[in-house]
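Asker: So the chains spell out like this:
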Amino acid sequence: MSKAKIDIKYVAKLARVQLSELEEKKLSVQMNDILGYFEKLNSIDVKDIQPMAHAQKVQNVWREGDIAGSVLPKELLEEMAPESRDGQVVVPKVVE
Amino acid sequence: MSDLFYSDIAFLKRGLKQKDFSSVELMKSLINRTNLVESKVKAFIDRDDEDALRQAAESDNRRSKNMTLGPLDGIPVGIKDILAVKGQPLRCASKMLDSYISPYDAKCIEQLKNAGAIIWGRLNMDEFAMGSSTEHSAYGTTSNPWKLDCIPGGSSGGSAAAVASGEVIVSLGTDTGGSIRQPAAFCGVVGMKPTYGLVSRYGLVAFASSLDQIGPFARNVKDAAILLESIVGYDPKDSTSLKVPTENYLSILEESVKCQKKYTLGVPVEFFSKGLDIEIKEKVYKAIEWYQSQGYIIKEISLPHSDLCVPVYYIIATAEASSNLARFDGVRYTHRSKDIESIDDLFFRSRGEGFGEEVKRRIILGTYVLSSGYYDAYYLRAQKIRSLIRKDFDKAFQEVDAIITPTTPTPAFIEGEKSQDPLSMYLNDIYTISVNLAGLPALSLPVGLTQNKLPVGMQIIGKVFGESDILTIAHDFEINHDYKDLRPNL
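First to last, the sequence lines map onto chains A and B.
Residues in the first sequence are numbered from 23 upward in steps of one, following the working numbering.
Residues in the second sequence are numbered from 266 upward in steps of one, following the working numbering.
Source of the hints: derived by calculation from the structure; they are not laboratory data.
Hints may be right or wrong, so weigh each one.
Stated by the list, open to error - Each computed DMTMM-like pair below joins lysine to aspartate or glutamate, with the alpha-carbon atoms no more than 20 Å apart:
#	chain 1	residue 1	chain 2	residue 2
1	B	K284	B	E303
2	A	K62	B	D750
3	A	K115	A	D88
4	B	K526	B	D311
5	A	K115	B	E535
6	B	K551	B	D750
7	B	K660	B	E535
8	B	K360	B	D311
9	A	K35	B	D370
10	A	K48	B	E618
11	A	K31	B	D572
12	B	K502	A	D88
13	A	K115	B	D268
14	A	K96	B	D370
15	B	K360	B	E375
16	B	K351	A	E46
17	A	K27	A	D70
18	A	K62	B	D316
19	A	K62	B	D572
20	A	K115	B	D750
21	A	K27	B	D313
22	A	K69	B	E664
23	B	K603	A	D88
24	A	K48	B	D594
25	B	K378	B	D313
26	B	K360	A	D88
27	B	K526	B	E547
28	B	K284	B	D311
29	B	K546	B	E512
What the hints assert, rightly or not - Quick list of the computed label-pair ranges, beta carbon to beta carbon:
#	chain 1	residue 1	chain 2	residue 2	range
30	A	K79	B	E519	16 to 22 Å
31	A	K48	B	A322	48 to 54 Å
32	B	E315	A	Q72	44 to 50 Å
33	A	V83	B	G560	40 to 46 Å
Given the structure is predicted, the values throughout are model-derived calculations rather than measurements.
Built from N, CA and C at the ideal position, the CB exists for glycine as well.
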């Protein structure tokens, strides 16, 4: 982990978040502070240490292969959508 | 009935049973209290008093027919704005979910309803539970009832402040890195984070799924035990929910008074070093001395990786958050930006407008640590050190039954003091986050006030499923001191 310089524009693009110029500037400074602090982790040799994703052992949970049915009624889903038409959610054209 | 709002559950249960007062009268007492102090405390984002009174009337009706449901029948419980209650708004204190109404109940809400509790209010929090002060709420900052220009802590600041100010009897919050214990400490109430997997996360809006747990706030240990008991249990709808026998915490507490077990308590040297406020240090040491005087065995222990908890936590939590929060995309149920031109535009602008500053900061950080070329250096490394942190605890618990630490390095701070410096805000979680990384239970107990009349919290950390141990240890201290009866002057 070398002293990282974060490219905020690129990461914001990956995260699909629009940032104003002011936000980009502010975040660049703050991120470099935070990442600088993270360099503490380099003090540990982590070779041969197993990573831990969960505190307790997790395993697959299966259920019977029957049809569970719809959890929420279609009308409700339509009502929740920011824009809908004829029982469908409206979005801008996704294929040109 | 004006004094009902500061009563404990045992008193209220007895009064309801003996018909000294009704659940409707209790609810009215809380509504009156809230009307009186809420302009100062600002604990609620939203509340539906009519609905609460209707639930109270239903409880009274059940009682008149001798058909009460459970231990909380007729008792109002305040809810953090991150838990789904069918038909009520669920905003996570974010503009992103400004008009969202929950279509179903979270598991813990279903359990509370089955126990007869009155589900009341949407309590303020940091947006999507990201923060330690409630200053990151899109609906305004909650005040600390003890000193109104101070923050109540966070993220569950509204849940803690409402309990401390007598607006609710007990409440639910969530804890990912200290979000129950830190505000409990700042507001002078009991707050408990259970063992990971003990309480179902179904219906809790996910922040960092491997760390999030739901838990109780109360003005005393017994009330926290009663509320916790009502929400534990295996749930097939949460794949990380654990199949363990449930315990009757309240009767364990009642038994413990008759025959107090003298536990061995560990005191980690790393938690009492530099950065710790002197008054907090004194109060916690005084509590440790009390335990010793009562026959508890006190052992100095070491948790050597403690200083790495903050970076490990902020890598893992933000990585998980960046993935979890991808669902808020402006398509199906969230805020959608106006006049969008393309699908990408819809994603970028809806998320840019809907999320607040801290949430964006964490999404960016989480995306970065997971991005190609940085994954091994940050995320994988953090996961490896997480296992070392857990091993530190495993080793300590071979020698001790529970661990005592301060909950926070300082008392509640002034609003605005840290909000522009994220790193100093993150460091406020230094004593609480290792518990989430290791998946352990812990609670914060009030152990007095500073000279400035701000509450001090002591953290008691238990073994996996050691809930009854830490409740018992806390209860023993509580009944031998009068800190639980201290009230803010509102």
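Asker: Which of the numbered hints above does this structure break?
Answerer: 1, 2, 3, 4, 5, 9, 11, 13, 15, 16, 17, 18, 20, 21, 22, 23, 24, 26, 27, 28, 29, 30, 32
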